[in-house]
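Trainee: Residue numbers (our numbering), protein chains in the order written: chain W, 1407 to 1784; chain Z, 1407 to 1784; chain H, 17 to 337; chain R, 17 to 337.
Simulated from the structure, these hints should not be mistaken for laboratory data. Note that beta-carbon positions come from the ideal geometry of N, C-alpha and C, so glycine has one too. Just so you know, not all the hints are guaranteed correct.
[What the hints assert, rightly or not] The list that follows gives simulated cross-link-like pairs (lysine-lysine, DSBU-like), each with its CA atoms no further than 35 Å apart:
| id | chain 1 | residue 1 | chain 2 | residue 2 |
| --- | --- | --- | --- | --- |
| 1 | R | Lys-328 | W | Lys-1457 |
| 2 | R | Lys-55 | W | Lys-1454 |
| 3 | Z | Lys-1454 | H | Lys-55 |
| 4 | H | Lys-55 | H | Lys-264 |
[Said to hold, decoys possible] Distance windows between CB atoms, simulated:
| id | chain 1 | residue 1 | chain 2 | residue 2 | range |
| --- | --- | --- | --- | --- | --- |
| 5 | H | Ala-306 | Z | Gly-1558 | 52 to 60 Å |
| 6 | H | Pro-252 | R | Lys-55 | 27 to 35 Å |
| 7 | H | Pro-252 | W | Ala-1752 | 50 to 58 Å |
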Amino acid sequence: MTLSDASAVMGAAVPLDPALLTRADRAELLRFMTMMRVAEERALSLYKQGKVPGSFYDGRGQEAISVGAAFALSPRDRLCILHRDLGAHFVRGVTPDRYLANYMGRADGVTGGKDGNLHFGDRARGCVGMVSMLPDMALVANGMALAMKMRGEPRVALTFFGEGSTANGQWHEAMNFAGIQRLPVVFVLENNRFAYSTPNELEFAADPVERAEGYGLPGVEVDGNDVEAVFAAVHAAVERARAGGGPTLVECQTMRMHGHGAHDDMGYVPPELLAEWEARDPIQSYAARLLEEFGFAAEEVERIDAEVRAYVGECAERALASPLPEPSAALEGVFADRWEPLGDGAAPWSGWAEPGDRPAAAPSVPPPPGPTIERRAA
Amino acid sequence: MTLSDASAVMGAAVPLDPALLTRADRAELLRFMTMMRVAEERALSLYKQGKVPGSFYDGRGQEAISVGAAFALSPRDRLCILHRDLGAHFVRGVTPDRYLANYMGRADGVTGGKDGNLHFGDRARGCVGMVSMLPDMALVANGMALAMKMRGEPRVALTFFGEGSTANGQWHEAMNFAGIQRLPVVFVLENNRFAYSTPNELEFAADPVERAEGYGLPGVEVDGNDVEAVFAAVHAAVERARAGGGPTLVECQTMRMHGHGAHDDMGYVPPELLAEWEARDPIQSYAARLLEEFGFAAEEVERIDAEVRAYVGECAERALASPLPEPSAALEGVFADRWEPLGDGAAPWSGWAEPGDRPAAAPSVPPPPGPTIERRAA
Amino acid sequence: MAELTYLEAISDGLRTEMRRDESVFCLGEDIGAFGGAFKVTAGFAEEFGPERVLDTPLAENAIVGAATGAAIEGMRPVCEMQFADFIACGFDQLVNVAAKLHYRQGQSVPLVVRLPSGGGFSGGPFHSQNPEAWFLQAPGLKVVAPATAADAKGLLASAIRDPNPVCFLEHKGLYRHVRDEVPEGEYTVPLGKARVAREGGELTVIAYGSAVPLALAAAEALEEDIEVLDLRSLCPLDTEAILASARKTGKVLIAHEATRACGVGAEVAALIGAEAFEDLDGPIRRLTAADVPIPFSPPLEQEVLPQLDDMKEACRELLAY
Amino acid sequence: MAELTYLEAISDGLRTEMRRDESVFCLGEDIGAFGGAFKVTAGFAEEFGPERVLDTPLAENAIVGAATGAAIEGMRPVCEMQFADFIACGFDQLVNVAAKLHYRQGQSVPLVVRLPSGGGFSGGPFHSQNPEAWFLQAPGLKVVAPATAADAKGLLASAIRDPNPVCFLEHKGLYRHVRDEVPEGEYTVPLGKARVAREGGELTVIAYGSAVPLALAAAEALEEDIEVLDLRSLCPLDTEAILASARKTGKVLIAHEATRACGVGAEVAALIGAEAFEDLDGPIRRLTAADVPIPFSPPLEQEVLPQLDDMKEACRELLAY
Ligand SMILES: Cc1ncc(C[n+]2csc(CCOP(=O)(O)OP(=O)(O)O)c2C)c(N)n1
Ligand SMILES: Cc1ncc(C[n+]2csc(CCOP(=O)(O)OP(=O)(O)O)c2C)c(N)n1
Ligand SMILES: [Mg+2]
Ligand SMILES: [Mg+2]
């Protein structure tokens, strides 16, 4: 696989049953992708204004993946979300104010200032915050899936990782263990052509999706810039896992459109490659498709954009108004006093709107009260 | 892959050019396998007599693999030999006295009592001693191969590992790195059906040899009880690596005929499975083949056996006469004063007998003086 | 009460907790049908089924990682490292994922990692290590190291019920050599409380794990007024009990089998040197393994690991100071 | 002599050694064309070619393992961990393979692991750690932690020439904030020798890495007769220099940025408490990070890591004792 193969990305390996997505779903997909784009743009400008301590990372160009994948999940499914996947947090119900506050190290950020970047998971929404070491969360997702399997619950764990992370031994341990135990887990691989500055050809000699069979699990390759293709592939994998069919590796071909972090000018990326993928921007192309294929009016699409921008703007104000944490908090919380369950996340896909669609056997666990800036401000 | 698939082991995937092995080579192959068998039997009885501290492990039933693989190597090739691979030590020139002395923790053991079991490598013979953590040595072999490649030397590193060890993340890191860098390394996988008590089906959902392609390297499966098949496959892999063709994974199908260690009664192994593989004993079947196919006389084969037994007996006497190390040695040697090169190993295969066969570009490195009991006794 | 070996007590504690709470399960290499390298889980697969006594592939990060995820989802996993030494292969998941999740995210991770540790039986450099100090340099992990059968059972139960990751160091040398009265049925010993194993007024030997019986044997043999404090928990450390005993006797020897540099003995010595300085009547001494890998051959291993004579000698020296 | 930053001095040392000895090569993530996360190897790929500045996949055990094998074969590999924190992912190869090979097998393993360590810039729990104490609990590893640009260059050269695995802790907070005179060309500073960074008679502050400039700043600010001993090497530890200074001043504060329990400070305190007990005029104190993961947000991070005011306060207290 060389860089130029990027243009040979396959289409959706799983054909989408068009009935799965309603018109409202499609609007939501566009809305969440836009929210990710706009929120990250806002965060980047806060970073440039010196309001974000440390460093800054975003997932520009990869919005279709986290949004499309998370959209396929039920409330009681569980996620480990990675550093390019802000959209998945939004789909689960995290609001941009808490994301921005987290980046700024404020008391109302998801981690209350304990951790930064996208190193967070909202417990109240069924998410476990990632660690930096990649791809460690794949093994944690396995563990959640193992618990679900042991208890016979029709639930699924999902996690993301970049293609660079597949070189790490923990990736292999995760695939192998999931394959042996046929765990209800979905692995979403985001091949954005680079790991920091390292191109695909220095990461592996054969594309990682080709390895799935060697673990006894199916590997599916999709166009990671097509949100419906991602949704279709992940939806199929989730259903398979939920039905006891075991894990799936879904490789999403995409491109990291920004530097590894805001400090990285991407001098190592050929400009043609960027241009080629810029033309395939997941948000632009989905908006165009909504107009052309699904009968959306231009105003509708524009309204989504305008509403999201206004909303993110308000969120930024709230985040900026949030205080820095009390220093004494730094010395608290190393140890837990008791275990508490994760709460359930939002599941905006219409497939979960009707109670009949929900897995009957799933007992409901009350979500622990999760802090939100809204609540605080109220 | 289930247990019963064991009977479906493939034949040699690489056809052997019969001219590669002379009559004398064949006698040597039988002799080294017998030496491994007899030396391990002797060590086991020393263990039962309480002369071996700690625990005891052997490679009964797997003699064809270490002998056949090591036989294909040149003096300047390098090895990391594992716990079932005593035969490879013998091929490289380690004598049974030093093996037995090492097991008994004596001063003349290869490690002088610092380490036990088969956790040794004779520096003077181009070997690096294994660590317990599996399969860590695969990464060390990569490093040796990397040095050879960087210096443009037509040399090869070879290492072994069990099928159970392929589940560990380090295995993956080794395969992936070797594949990317096209390192001159040969990986010999010994699938002896079990990792301790764990059967294949709990180790992986697809046979590891099927994973080779996913690392961009060829995977070859051979009958690990056929010493010529192993030699042929490893010889081809070594030649390929030496010529710059990169790594190969050679899976040898075999059976661990003893418990994991001497303490293990193998209650978990179906007796039929043992019986099936007993009938395919690598030494018995090779002896039979020498008689039937290669015109050996019965006396010749019997003489090899008798000579080896006598020799190992003498070696055991020497090992038993070796003293325990001085306690003060325990506090020495944590740090090195200087780096010294590994020495070259014996290369008994006739292919290395004529100087013209040796890689022209290989500069000769003088071996450091390696301790031998012979020298000491002299 | 029944007389059990340290090993039997661990099995008993684990079995009792598995009966009490069906979210408790075990995972590790060869722990199912085979019952584990040391047979701690012998018979468990029959009683609890193979799902709750899960045989994993040879992959320590996978074990600790799976336990972390399962713990988050409400299970109470008990991982077995086949030997404590192999934790180096699962280190990242332990110190970076499990240890930090509560501090970072408020996420409790109730898991136990059982670590058969220690030497003295020619296990060599990879089957004899005592890795506890690594864990103390990874905030978020609790660490316990019982010295008696009763504590082994009681601390294991507490570790399982604790909502945090707990490293449970079980010393292989004690498995079959230590035997004492163990309460039947459910039994817990609180984490973080040291135990005065022998009262005395002239010298305190602070020890844990295999160093405790060694200290007791030395004290008996010397017939001196020696106090032996068994730490039991290394994190949290019972600083009160340590300082109280140090202040009482004024002389302290800290003993453990792990290597010396940056070991638990160093931490205890530093604590005493800072907090009990004014009450000291002599230097704070340590008896530990030398800073070398643990060698295989018996005379070498004995040279490296603390022996009874070394303990007696160290006590005598301090008493005479 | 030229004025270089600590970061420039590391680059200069590495470049000089690569020019001097063609067996020296670098491997790590993004160190080639990109020049490394901190640009230590910027321009190296151009000068030495991509083979000697090898971009590896994201796999730390593979990096350390490859370095070990290459070192055995006579190369002098210098590994870069992108951040010191990632050594947990290469831990097994380091502590079990590289560290023990000479003791077990007489096999010298001349490699260096460069570890950009430390916090103070909102790196959060995974980009701020100081893992040195782990290495001291793994006999067979040398460990150095320079505090000045000159030492950074000279110790790196010595580490590369040393026939053992050396963990080279380079503090990220010093990269661009420390600048001093650095000898040009080949230059070495011996491993195992501490440096009196400031002479004084009333109190010794023993420090290394980022704690050294902090100690010096406190001493200047307080205008007191404080000695600052910069350890430079943590293994081997310069016990002579430590004891000499402790005996001279009778009061010791040990300062480092790593967390406290079982840290290097504990080891130094234990050493002094055992060997210099009679010369002490006060308790042995430590100033370290609190035993928590390193938090992200500035007020939290400042609470956890030792600050100048903490250093001044700790000195004042001991001086007044
Ligand atoms: C085990 C580990 N080593 C090194 C790093 C440093 N690092 C952070 S992100 C990154 C690149 C990751 O690439 P990839 O997995 O492709 O994800 P992407 O950032 O491209 O989405 C690296 C090397 C890390 N996070 N984890
Ligand atoms: C990383 C690691 N974990 C656990 C062990 C303990 N252990 C020693 S041998 C063994 C089984 C190895 O199986 P396999 O790789 O198939 O080799 P075999 O012994 O069958 O030749 C295990 C689990 C180990 N050596 N290394
Ligand atoms: Mg990537
Ligand atoms: Mg096996």
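Trainee: Compare the structure with each hint and give your call.
Mentor: Status of the hints after comparison with the structure:
no.	hint	in the structure
1	R/Lys-328 / W/Lys-1457	holds (30 Å)
2	R/Lys-55 / W/Lys-1454	holds (21 Å)
3	Z/Lys-1454 / H/Lys-55	holds (21 Å)
4	H/Lys-55 / H/Lys-264	violated (42 Å)
5	H/Ala-306 / Z/Gly-1558: 52 to 60 Å	violated (43 Å)
6	H/Pro-252 / R/Lys-55: 27 to 35 Å	violated (42 Å)
7	H/Pro-252 / W/Ala-1752: 50 to 58 Å	violated (39 Å)
In summary, the numbered hints that this structure violates are 4, 5, 6 and 7.
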